[in-house]
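**Student:** If you read the protein sequences in the order shown, they are chains A and B. In this text, residue positions in the first sequence follow my numbering: the first is 1, and each later residue adds one. In this text, residue positions in the second sequence follow my numbering: the first is 1, and each later residue adds one.
Since the hints were made in silico from the structure, they are not lab data. Heads up, a few of these hints could be off.
Said to hold, decoys possible - Capping the alpha-carbon separation at 25 Å, the derived lysine to any residue pairs in SDA-like fashion look like this:
1) A:2 x B:44
2) A:2 x B:100
3) A:42 x B:2
4) A:2 x B:61
5) B:57 x B:74
6) A:56 x B:61
7) A:2 x B:3
8) B:57 x A:99
9) A:2 x B:11
10) B:57 x A:27
11) A:56 x A:71
12) A:42 x B:63
13) A:70 x B:41
14) A:42 x B:97
15) A:2 x B:88
16) A:2 x B:98
17) B:11 x A:39
18) A:42 x B:3
19) A:70 x B:45
20) B:57 x A:31
21) A:2 x B:103
22) B:57 x A:96
Stated by the list, open to error - Computed from the model, here is a short list of chain A residues facing chain B with C-beta under 10 Å:
23) 6
24) 8
25) 45
26) 90
27) 97
28) 99
29) 100
Stated by the list, open to error - Listing some non-contacts, in silico: residues in chain A with all C-beta distances to chain B over 12 Å:
30) 59
31) 80
32) 89
The C-beta atom is built at its ideal place from N, Cα and C for all residues, glycine as well.
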Amino acid sequence: QKEVEQDPGPLSVPEGAIVSLNCTYSNSAFQYFMWYRQYSRKGPELLMYTYSSGNKEDGRFTAQVDKSSKYISLFIRDSQPSDSATYLCAMSGAGGSYIPTFGRGTSLIVHP
Amino acid sequence: GAGVSQSPRYKVAKRGQDVALRCDPISGHVSLFWYQQALGQGPEFLTYFQNEAQLDKSGLPSDRFFAERPEGSVSTLKIQRTQQEDSAVYLCASNQGQGQPQHFGDGTRLSIL
Chain A
1 QKEVEQDPGP LSVPEGAIVS LNCTYSNSAF QYFMWYRQYS RKGPELLMYT YSSGNKEDGR
61 FTAQVDKSSK YISLFIRDSQ PSDSATYLCA MSGAGGSYIP TFGRGTSLIV HP
Chain B
1 GAGVSQSPRY KVAKRGQDVA LRCDPISGHV SLFWYQQALG QGPEFLTYFQ NEAQLDKSGL
61 PSDRFFAERP EGSVSTLKIQ RTQQEDSAVY LCASNQGQGQ PQHFGDGTRL SIL
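Please build the complete structure, drawing on both the sequences and the hints.
**Tutor:** Next up, the structure:
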């Protein structure tokens with residue numbers, strides 16, 4: 001079992017839908033949680049960066065961390081075709097290491 | 001530009017050749033990371049520098065892989081005697097220090113024939 005599990009999808013939704021993307025993890029010592037968006041043939045782009053538990057909102061994006069369940073989520077409101085990409089979760093801070101461990105990414109398709 | 005710059009964007013080499021991949025981090029970022037990303041997978045850690053010191057190389061898959069950052073800015077990842085399994089996208093990232101978010105370049109897509 002990998003340290004960070006993420007369903008690869010693809011997840012296909014209509015434009016305007018609320019999208020929920022999720023990751024589970026096994027190492028309870030992780031402290032920093034990140035979401036990256038990666039378009040085809042581009043590098044990962046940081047969307048959200050949170051420390052410990054709780055919610056963080058930035059425009060149409062909301063990140064949630066539930067450390068008790070070892071579960072993190074990214075919500076996208078009013079999804080647009082331009083949101084079509086692969087979304088990677090990542091986490092770090094376990095055992096003093098700040099090197100992120102990534103999930104395999106979820107492919108999201110938002111169709112008009 | 002202000003972002004992480006990687007070159008070349010694409011590299012094709014024959015099996016057995018040596019290749020060198022370059023990363024220019026964001027100015028002032030002390031930490032630099034190299035990752036390998038296979039198709040349909042997330043980035044896998046290779047090695048990490050803080051300034052010119054290579055603090056962690058535990059992810060390098062074999063002794064054919066070598067990285068350096070001699071002046072604490074530009075870094076080069078070198079792969080000797082390339083094999084087909086080395087085909088992947090090699091990503092570079094940098095940040096301002098521990099606990100800070102990483103910023104990625106667009107990667108070098110390496111194909112070994």
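**Student:** If a hint holds in the structure, say so; if it doesn't, say that too.
**Tutor:** Hints, verified against the model:
no. : hint        : verdict
1   : A:2 x B:44  : 12 Å, holds
2   : A:2 x B:100 : 24 Å, holds
3   : A:42 x B:2  : 16 Å, holds
4   : A:2 x B:61  : 18 Å, holds
5   : B:57 x B:74 : 17 Å, holds
6   : A:56 x B:61 : 36 Å, violated
7   : A:2 x B:3   : 31 Å, violated
8   : B:57 x A:99 : 12 Å, holds
9   : A:2 x B:11  : 30 Å, violated
10  : B:57 x A:27 : 22 Å, holds
11  : A:56 x A:71 : 15 Å, holds
12  : A:42 x B:63 : 28 Å, violated
13  : A:70 x B:41 : 21 Å, holds
14  : A:42 x B:97 : 24 Å, holds
15  : A:2 x B:88  : 20 Å, holds
16  : A:2 x B:98  : 24 Å, holds
17  : B:11 x A:39 : 20 Å, holds
18  : A:42 x B:3  : 13 Å, holds
19  : A:70 x B:45 : 22 Å, holds
20  : B:57 x A:31 : 22 Å, holds
21  : A:2 x B:103 : 24 Å, holds
22  : B:57 x A:96 : 16 Å, holds
23  : 6           : 8 Å, holds
24  : 8           : 7 Å, holds
25  : 45          : 7 Å, holds
26  : 90          : 8 Å, holds
27  : 97          : 8 Å, holds
28  : 99          : 5 Å, holds
29  : 100         : 7 Å, holds
30  : 59          : 17 Å, holds
31  : 80          : 22 Å, holds
32  : 89          : 8 Å, violated
Hints 6, 7, 9, 12, 32 from the earlier list are contradicted by this structure; the remaining hints agree with it.
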